[in-house]
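Number of protein chains: 2
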Amino acid sequence: MLQKGFTLWFTGLSGAGKTTIARIVADEIRSRGRNVEVMDGDIVRQNLSKGLGFSKEDRDTNIKRIAFVCKILTRNGVATIAAAISPYREVRDFARQDIGHFVEVFVDCPLEECIRRDTKGLYAKALSGEIPQFTGVSDPYEHPLHPEVWLHTERESPEASAGRVLAKLEELGYLSPAEEPVYSPEEEEKIQERLANLGYL
Amino acid sequence: MLQKGFTLWFTGLSGAGKTTIARIVADEIRSRGRNVEVMDGDIVRQNLSKGLGFSKEDRDTNIKRIAFVCKILTRNGVATIAAAISPYREVRDFARQDIGHFVEVFVDCPLEECIRRDTKGLYAKALSGEIPQFTGVSDPYEHPLHPEVWLHTERESPEASAGRVLAKLEELGYLSPAEEPVYSPEEEEKIQERLANLGYL
Numbered sequence: 001m002l003q004k005g006f007t008l009w010f011t012g013l014s015g016a017g018k019t020t021i022a023r024i025v026a027d028e029i030r031s032r033g034r035n036v037e038v039m040d041g042d043i044v045r046q047n048l049s050k051g052l053g054f055s056k057e058d059r060d061t062n063i064k065r066i067a068f069v070c071k072i073l074t075r076n077g078v079a080t081i082a083a084a085i086s087p088y089r090e091v092r093d094f095a096r097q098d099i100g101h102f103v104e105v106f107v108d109c110p111l112e113e114c115i116r117r118d119t120k121g122l123y124a125k126a127l128s129g130e131i132p133q134f135t136g137v138s139d140p141y142e143h144p145l146h147p148e149v150w151l152h153t154e155r156e157s158p159e160a161s162a163g164r165v166l167a168k169l170e171e172l173g174y175l176s177p178a179e180e181p182v183y184s185p186e187e188e189e190k191i192q193e194r195l196a197n198l199g200y201l
Numbered sequence: 001m002l003q004k005g006f007t008l009w010f011t012g013l014s015g016a017g018k019t020t021i022a023r024i025v026a027d028e029i030r031s032r033g034r035n036v037e038v039m040d041g042d043i044v045r046q047n048l049s050k051g052l053g054f055s056k057e058d059r060d061t062n063i064k065r066i067a068f069v070c071k072i073l074t075r076n077g078v079a080t081i082a083a084a085i086s087p088y089r090e091v092r093d094f095a096r097q098d099i100g101h102f103v104e105v106f107v108d109c110p111l112e113e114c115i116r117r118d119t120k121g122l123y124a125k126a127l128s129g130e131i132p133q134f135t136g137v138s139d140p141y142e143h144p145l146h147p148e149v150w151l152h153t154e155r156e157s158p159e160a161s162a163g164r165v166l167a168k169l170e171e172l173g174y175l176s177p178a179e180e181p182v183y184s185p186e187e188e189e190k191i192q193e194r195l196a197n198l199g200y201l
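These protein sequence lines map, in sequence, to chains A and B. Under the numbering used here, think of the first position of the first sequence as 1, with each following residue one higher. Under the numbering used here, think of the first position of the second sequence as 1, with each following residue one higher.
One thing to keep in mind: the hints can contain errors.
Which copy is meant is left open, because identical chains are indistinguishable; a pair holds if it fits in one copy or across any two.
30 Å max Cα-Cα, derived BS3-like pairs, lysine-lysine [what the hints assert, rightly or not]:
#, residue 1, residue 2
1, Lys125, Lys190
2, Lys120, Lys56
3, Lys125, Lys56
4, Lys190, Lys50
5, Lys4, Lys56
6, Lys120, Lys190
7, Lys125, Lys4
8, Lys168, Lys64
9, Lys50, Lys168
10, Lys120, Lys64
For the record, the hints were derived by calculation from the structure and aren't laboratory data. For clarity, every value in this text was computed on a predicted model and none was experimentally measured.
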């Protein structure tokens, strides 16, 4: 039976944590028996958008290509994850309309923190002017106004962020809750003991 | 349960019948309860390859993009159909390796017949020089050496061609045979009578 496809769309600055959180979410969805595909910005630039630059027009073209593939995967029941900066609101909204089953995740992180992390060493180059048109530095980022999930990665762990995304997918009916773990009587006793010690019982 | 994905790759001259046959095949596969996607050359040029021209390099880039999407769909159990001229053998062989479950269909039709049909009016323009780099006229077409299916559309109907493609998919285990029709006793009697009249019984 075909499961309900959807596209989980991560947007945010370079270094905000999109790919990291996307991978944790993907692993968890996969472990629940679903087909998952991650359309990562870098992979897509390599495979579908080589030759495109970073003007607004080229960025929009790149995002529309990602949306095209996400749409096809989504209608075939795949749990599809896009993780690309996608700085412009209008083209994200186009993707939302075009794909239909669309869950937007704003991976929010202050620019200062992204610069501090500088995981790929790109901010240093952007700030020195070596890379022009860098989102957040010399190019705009238009954050979502009503994302389904709004993460704050400067103050929560990637695992906690992933947990909030998964909870939203369950709430929207795109994902079945993880099965309750089955404990042996001994394990159950230990858990009860622990809960009692913590004052929950 | 995930069904076995595959990519059915139609190659041949413009006007040879790729899209026509692909659509008949797609409808039949869909009627057997499978998810089907058709990556038509024109649709892909519009959505993934706008801006690319018809040099060998640009054609190869276009085909690699089609192959990238076909690969993702195939590994998610979709019956995927590509219908693009794809004139160069090397990049088709790349697609075969990259996708894995790959069934190549050579839609063979003599150039003279394609020019006579000229369904899109493109050959007239190519022959007058209005369109440069037109496959078969001013650009090469390297036909497959060992395609899984070799169609001859100048001497068989699109339905007959589609039937041969479907038979090959069944033979390769990618597609379950169509269910036997169930006849009423009256219908069964008539069929027996007809077979007897034809000398089969």
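Here is how each hint holds up against the structure:
no. : hint            : result
1   : Lys125 x Lys190 : neither (53 Å within a copy, 81 Å between copies)
2   : Lys120 x Lys56  : within (22 Å within a copy, 34 Å between copies)
3   : Lys125 x Lys56  : within (20 Å within a copy, 35 Å between copies)
4   : Lys190 x Lys50  : neither (56 Å within a copy, 62 Å between copies)
5   : Lys4 x Lys56    : neither (33 Å within a copy, 40 Å between copies)
6   : Lys120 x Lys190 : neither (44 Å within a copy, 75 Å between copies)
7   : Lys125 x Lys4   : neither (42 Å within a copy, 46 Å between copies)
8   : Lys168 x Lys64  : within (25 Å within a copy, 36 Å between copies)
9   : Lys50 x Lys168  : neither (34 Å within a copy, 36 Å between copies)
10  : Lys120 x Lys64  : both (25 Å within a copy, 27 Å between copies)
Taken one by one, the earlier hints fail for this structure at numbers 1, 4, 5, 6, 7 and 9, listed in ascending order.
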